[in-house]
Structures are given as C-alpha cells and as structure tokens.
Amino acid sequence: MDCSDIQEKLSAYIEGVISSEEKALIEEHLKSCRKCGESLADLRKTMEYVKNLEEIEPPEWLTQKVMARVRSEVKPKKGILQKLFYPLYIKIPLEAAAAILIAVTAIYIFKTIQPEVKLAKIPSEEIVTQIPSQEKRETPPIDESKEKAILPSPPLEKGDKRGFEAEQTVPLKKPEIMDKPAVPKAPAMVTKQEEIRPFAGALAKDEPSRETLSAAPKAKALAEMKREGISLTVDVKDVETDSKEIEKILMQCGGKVIKTELLENKIVLFAEINPEAVKGLIEKLKLIGNVKEKGVDLEGLKVAATRSRGNIEIRIEIVRVPMQHY
Amino acid sequence: MKKNEQIKDNDYETVSLCKKGDVNAFEALVKKHQKRMLNIAYRMIGNYEDACETVQDAFVSAYRNIKYFEEKARFSTWLYTIVVNLSRNRLKQLKIRSNREVFSLNDPVLTDDSRIRIDPASGEPSILQKLEKKEIRQKVQECINSLDGEFKEALILRDIQGFSYSEISDMLKIAEGTVKSRLFRARDALRKCLKGVSGDL
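From first to last, the protein sequence lines are chains A and B. For the first sequence, counting from 1, position 57 maps to 45 in the working numbering; every step adds exactly one. For the second sequence, counting from 1, position 175 maps to 177 in the working numbering; every step adds exactly one.
Since the hints were made in silico from the structure, they are not lab data. A quick note: this is a predicted structure, and the numbers were derived from the prediction, not measured. From the three backbone atoms N, C-alpha and C, an ideal C-beta is built for every residue, glycine too. Check each hint, because a few of them may be wrong.
Cut-off 25 Å, straight-line C-alpha distance, at most; resulting in silico cross-link-like pairs (DMTMM-like, lysine to aspartate or glutamate) [unchecked claim]: (1) K33(B) to D(-10)(A); (2) K53(A) to D59(B); (3) K182(B) to E45(A); (4) K53(A) to D24(B); (5) K194(B) to D(-10)(A).
Not the full set, but computed from the structure, chain A residues with beta-carbon under 7 Å of chain B [what the hints assert, rightly or not]: (6) Y37; (7) L50; (8) A56; (9) R57; (10) V58; (11) V307.
Far from chain B, by Cβ distances over 10 Å, these chain A residues were calculated [to be verified]: (12) V5; (13) M35; (14) N40; (15) E43; (16) N253; (17) R308.
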C-alpha cells in the first residue's frame, strides 16, 4: 500500500468500518509514514471542525411563516368549495337573465294571442255605446265559443268580432268593419236554414233562455244572431262557374267573401253579409240552383236584422249535383 | 433493512393528526423539526436567508404531501429528505444565478466576500493561523460549500447531523456503500480544502 491508498482509507479507518487486516496494514503504515500520519491528524481535525460547526437557530418568524403558508394551503379546500359554487355568481345573473327572457317571451307570445280577445272586446264596447249594457256581459262567452269555433269553420259572430277574424285571414276585411256601424237596421230576414255545427247548436239552445233572462232581449238577440252562422247549400251543375256567380251575387248584396274552401265536388264560401241582405241573397241564389237553408231561428234573425249594425257570417256550400236532379 | 425497529416514530401520532387535517398538529411538527431542517439547509446552501426560505418550502411541501407519507420510515427522515432535495434545487438555482454574476466579481458592491476568498485563499498559508474560532467555522463552511453536492450531502447528514448510514441511504436513495464512499471522499476533500486554505490545520 502506498500513501494514496492509505489516505483513501483513513476515513473508513477512523469510522472503524474497515476490515481488521486493512486496519493492521494502515496502522503499520502510519508508524513509518509521517505524511500519512499528518493526513490522519488533519482528517480528525477536519471532522472535529465539522462537528463543532455551530448550530444555527431558526428565526422566530420561521414557524409563523410556515404556518401562514400552510393555513393558506388549507384555504384552497374552501377554495375548492368556492370554485364549485363560484359559478353561481355567474350563473345566478345568467339564470335571472334567462328567466326574464323567458318571461318576456311568454308575455310576448301571450300578447300575440291576446289580441283576439282584446279586439273582440273593443268592438263590443262599441256596441255597448248603442246597446244596453248587458250586451257587454254577454260578449265574453261569445268570444270563448267563437275561439273554439274558429278552426272547424267560423260560426256567426258579432260583426266586430268577425272583423278581427277577418283581419287575420283577409286583410281587406278591416275596412268593412268600419262600415258596419253605418249599416242601417234591416228588416228580418227569413227562410234561412241554419246548418249549425255542434257547438253552434249548443249556443242556439242557450239562446232562448238567455233571451228570456236578459233584461234587454233585443240586444241579446242581436248578440246571438251575430254569433250564429247562416248556412246555405246551393246545388249547382258547375261548381266553379256557379261559385263565381254566387260570389258576384254576394257582392251585389253587400256581402264580402272571407274565404273560399275548395273541397271535392263542392266549394264552401265563407262570407259576411248584412242580415237584412240575407233574404235577397237567398232569392238570387235560388236562381242559380236549389238552395237549402239551415238558418238560425227566424225570429232571432229578424231581431238581429233589425238591430244589427254589423254583418253576420254566412256559409254557402256550393255542391255539384247529378244531372238527373235537375 | 433494520428499519422495522426504527419505525417507532414518536411523530407518528402527530402525523396522523395532520393527515386528518389538524393544522395545529402540523405546527407542532414544524416547531420540533425546524431547527434541524434549517441546519441541514443552511449547511447545504451556505446562506441563511435562502436556507430559511428553503425550509419554509420544505414544510409547505411536506404539508401538501403528508397524506402520501407512508409510515415506512420515520417522519423526520421523510421530512429531511424533502429539505435535502429542495436545498439541492435551491443550490442549483443559486449557482446558475452566481454564474451569471461571475462577471460582476470585479464589482465590489455585488461581490460576496466569502466567495471571493475561496479561490485566492489557497495561496495564503498564514491566514488560518490567525483565524479565530468563528473564522475557522466560516472557513469550514466555505470549504463545505465548495464540495460537490453529493459529497456535501453525505458529509452534512453524517458528520454534522449524525444520521446513520441507513438513514442517509434512505434519504438520498443511494446504497449505504455509496454513502460511505461519498462521505469519505467528502471528508478528504474537505481536509484538503482546509489544508489548502490554511496550509495547516
């Protein structure tokens, strides 16, 4: 062993983690080698220095700082909760905004539906000005029935109401509404067979009782009349040409076609006409073909004709009939 | 490993309280271990402020990860491992920083006294003789600072902190034989350093 080998093992020698053979070798060498002896002494001194290094004291604030940071680490747990709920701070306004939007939309939609009622009411007030006040009370049920009736086929209604309906279907109708009040009272028109749809029939049944109960039967009758439709069936040879003819007749009688339904073998005209013109209309229609009438009860019609300032609705079915019937 | 007997860890109860989220229990652990933590960090880094920060980081890191601490080793061993690693990292950062500042060594304002002396000191044999005790310590620390990280760690943990080889082997994740060889080389290097600085011991 030379000195470098020995010096490498001096530390292990000091530690005592060395085999006894090596230990003996090193001790043997140290006796003869002054340099290695010095190295051993230096090493021991070095280790002593190291061990004697002073222990430094932690600053007083160290614990506080550590704990402050640790506690701020704990908060993130709350922070996680906050994160879960934090979106609510955004969501709540969003939800509120959404709720308002929905509400506004709902109101808007409502308003688009409501006009039927409102428009119907406004004309009814018009009537009220000229007719006893009971009329006004009568109108709401009328409106209801009318609304139900709209889809299958419009029943007779108050002229004003029809006006609204016409506005929806045929814009031209509107001016007509303006004219109605000006229409003079007409004598009763008769000979009308009413083809009443189920609900209309129900209404008709109610009519008498209402009339009797009402303090103002005439006004009532008017209201009833307006609500009821007159239904005519005209048997013709040529549906198309004759329907045009019938339209002309309608125009002549002051009526207006609201809509035309083309069905198989027949054309249905929905028209508005002043009650007083109904009789004349039927007369003229008879020239074209066989007319079947399904009307409201004639008395009511008469009253309506005399009282009404508005038009009533009329439904004319133009039906093609086999030749042999003619 | 002869660890099983050592598992009697007097921190065990406190640690399990910590795992349940008891912050005060953790504070007790901080108070108990901070000094040793700081000494390890200080000897490794050689700078008091950096050592303090490193210790703080180490404790915070320990708190975050205490739920992952398995009682396979002592809590203290686990804790010191953290501070050794963080000190190692801090040292790297400081070296990178000081490397950038190397060129400013000529600048008296920015220059750290102790660092300047390390290099030129070797040529002045008479200095150590005049050193007083404090100065010797300073010198020793400077020489420790000059050691490579792995030797430094072994020296600090063994000769300064007095951990057993097996504990050091756990902390540094190296075999005990490696711990020894590093330790001995560290001592030798330190001896040479001090000898070089002083010319005599």
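Practice task
Tell me, in ascending order, the numbers of any earlier hints that this structure violates.
Solution key: Numbers 1, 3, 8, 11, 12, 13, 14 and 15, in rising order.
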